[in-house]
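Asker: Heads up: the sequence lines are chains A and B, in that order. Heads up: the first sequence begins at 7 in the numbering used here, then just goes up one per residue. Heads up: the second sequence begins at 2 in the numbering used here, then just goes up one per residue.
In case anyone wonders, no lab produced these hints; they're calculated from the structure. Misleading hints may appear alongside valid ones.
Stated by the list, open to error - List time: in silico DSSO-like cross-link candidates among lysine-lysine, alpha-carbon distance up to 27 Å:
| hint | chain 1 | residue 1 | chain 2 | residue 2 |
| --- | --- | --- | --- | --- |
| 1 | B | LYS139 | A | LYS499 |
| 2 | A | LYS141 | A | LYS156 |
| 3 | B | LYS134 | A | LYS376 |
| 4 | B | LYS131 | A | LYS358 |
| 5 | A | LYS499 | B | LYS59 |
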Amino acid sequence: MLKALKWKFLLYGAITAFCILLLVPTVTSELPQWWSKVLPAEKIHLGLDLQGGMYLLLGVQGDKAVESYMEQIKNNLRDDLKERGIPVGKLESDKTGQIVLEFSGAKEKVDNLLAQRFTMLRELSSSGGEGGIWKYQLVLDSKEIAEIEKRAIEQALEIIRNRIDQFGVSEPEITLQGTDQILVQLPGIKDPQRAINLIGQTALLEFKLLDEEGNVDEALKGNIPPGDIILYQRSVDPQTGAVRRVPYLLKEKTMMTGEFIKDARVALDSQFHEPYVAIEFTDVGAKLFEQITAANVKKRLAIILDNNVISAPVIQERIGGGRAQITGRFDTKEASDLAIALRSGALPAPVKILEQRTVGPSLGQDSIHKGIISTLISAALVVLFMIVYYKASGVIADVALVLNIIMTLAVLALFRATLTLPGIAGLVLSVGMAVDANILIHERIKEELRFGKTVRAAIDQGYHRAFSAIIDSNLTTLISGIILYQFGTGPVKGFAVTLSIGILANIFTAVYITRVIFDYVTLRPGVKTLSI
Amino acid sequence: MELIPHDTRFDFIGKKKITLWISTAAILISFASIFLHGGLRYGVDFSGGLVAEIKFSKPVDVSEVRSGADAIGLKDAIVQRFGGENEFLIRVEKATEDLEAMSKSLQTSLQGRFKDNPVEIRRVEVVGPKVGKDLKTKAMWAVGLAFLGILIYVAFRFHEISYGLGGIVALFHDVVVTFGAISIFNIEFSLNVLAVILTIIGFSINDTIVIFDRVRENVKKMRKDDLVTIFNVSINETLGRTILTTGTVMMVVLILFFFAGEVIHDFTIALIVGLITGTYSTVYIASPVVLFWEQHVSRGRKGRR
């Protein structure tokens, strides 16, 4: 009996020690060098609602990626048909993503072209023939569409990760949710708005030529010359803060995009010390830029970001060095963010903010502070109460409760689970049940003592009888916890996790650990009374 | 120490006629309140929309904040004082496209409007409409399935479906009354409050099972007595434990209520209500259901335990 007891003590002691070790990283941040080689060194992750930070759920609009892909194909098709000298009557895409092509003459040539270079298009219908005029309806292969959407999301994930990396946040979490959502969690972030702007920006940089002949005012009235579009420049008057929108009449064709940018850096203008973004093109981009500038000297080239004109400088001469400047009334932060966005590349499809929660650092601190104080006060009261009510046995119950909490937190740290406010609710419940379990056992022991049983027998019976109630109630709650974990999301999951772990710890501490202590205490023969 | 004498013989079940009225009244009041308020006041977690907790450095009048919110584009915003001095809560309950733009520029817009009064955004939540609905549906499914799990397990372990039913009906009662309290105190039903509901469910079923376990034991011991007596005896025997456990947990929650800050207030109020009904429902909902079932529905079954 004594030997078995010793073994149990050792085993439970070892488990307890292990759990305490698991919690050390949470309590101190100075761990000796050898620590992480031998033991897990994970702090308990606090949820954003507890420590402050930003939670951002983004929806990637994959269909827009498909749309722009279609645009590209349409343009390529137009160029190819022109190259082959096929007269094209109409080539446009409609809202449902179909391309309508009307051409005359060489049906074979067109079929060949489509089969060779446009395998992603499927022929929906073809009609015509009279007078040599054919009309085709083409759509994107559905597998192709799925591919594009999938790639768009993967790319977006990469790019956003890249941007956040450069932004410099400690311990960001960026994950894919479902099929088309990206979850970004930035703990402790001080400037959430800047982060949102940086992350959510599509950052599509385009270069377009101004239509020097056309009349802007005429166009504003509604007579836009064919092949032109109007885009606006947003200018803020530094004194009054008034925002003006300056219209520009531009040729629609995009001469070049930001995909050819190799690097982008913030620099200070030597004259006025105003920040600007210096970009460097790739070799291909440099050549392209040289061609464009050579062909359009003295004309104005508009630099456009996400359909907003940033500036429209005059091309003074052919630019062969593959470098350019983007100026435009930035402050340092704006310039820096633009550089980050350009470096990481444009998002393949726009992202929409589905959900955003930000807890400012002061509130986070507040919550933690108040939370810790109230937890300590209530813990102290419960501990005190147990001792007052159950005397020495109350101490045993207290040991169980403390171990329960330590073990639950240790397991949370081990599995890198995150503790949120609902998680704390789950913890409160499991501790409440732990208190209950201990009370059940103690009351039962008291009852048996009242019936006149000996101390040893009373403890035996007490545990025996209380067991079924404890097991049933804990298992029921555990089952609910598991179901909630399986089918719930976010906070419900957090609640379920701490609850389930707490219950398992509870069964262990309330039943086994306290038993061992009781046994040890009453081991000496002739123990007649129990302080309970 | 003995808070509760161990040989009480209070006739709990006998009071069930009165308590039935009390319970019915509580449930009716709950439904009425919810109905009159036009449903629960869903937090943005479920309904979508925007919630912002802001703190000014200098005193501002509520109406100024209200007109300010309107001016920067938060139409139909509800503004109220919240927490400490110069702290306000702004809520917009419609989820529209503009909100997305708003979440990007709230700080600058606000600061621009209140030029010489530095404003700190302590907390902001913006939820799109689809996300909110999703959350609601998933939460309901999860809870519904959890209920089913509880029903099956309890019925299985206590050998009679009536016990399972008793537990579930008690849970329903507790959830409805807690919702009623949430409605009456005009508490915003957020995800955190959902966590409270889950906690209450756990607590209530725990309490119910402890009593049922004692009944199960006594049924074997007291073969001559009828079920009503057995229930009464069981409840009396576990009275000490019930009061102690509920008392201890209640004490913890009260401390949270007074010391853990305003953010947790809604949380703790709902928890307090739930604790009370959780304990009450075991005696006056779960037990009568079992008794009713055994007496009237499960007639003529010999050898039931």
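Asker: Take the hints in turn and mark each one as holding or not.
Answerer: Outcome of the hint check:
1. At most 27 Å may separate the alpha-carbon atoms for a hinted pair to count; LYS139 of chain B and LYS499 of chain A meet this at roughly 11 Å.
2. A hinted pair counts as satisfied when its Cα atoms are at most 27 Å apart, and LYS141 of chain A with LYS156 of chain A does not qualify at roughly 32 Å.
3. The suggested pairing of LYS134 of chain B with LYS376 of chain A is violated, with an alpha-carbon distance near 32 Å, which exceeds 27 Å.
4. Restraint check for LYS131 of chain B and LYS358 of chain A: the C-alpha separation of about 12 Å stays at or below 27 Å, so the hint holds.
5. Straight-line distance between C-alpha atoms of LYS499 of chain A and LYS59 of chain B comes to about 40 Å, which puts the hinted pair past the 27 Å bound.
Checked against the numbered hints given earlier, the structure breaks hints 2, 3 and 5 and satisfies all the rest.
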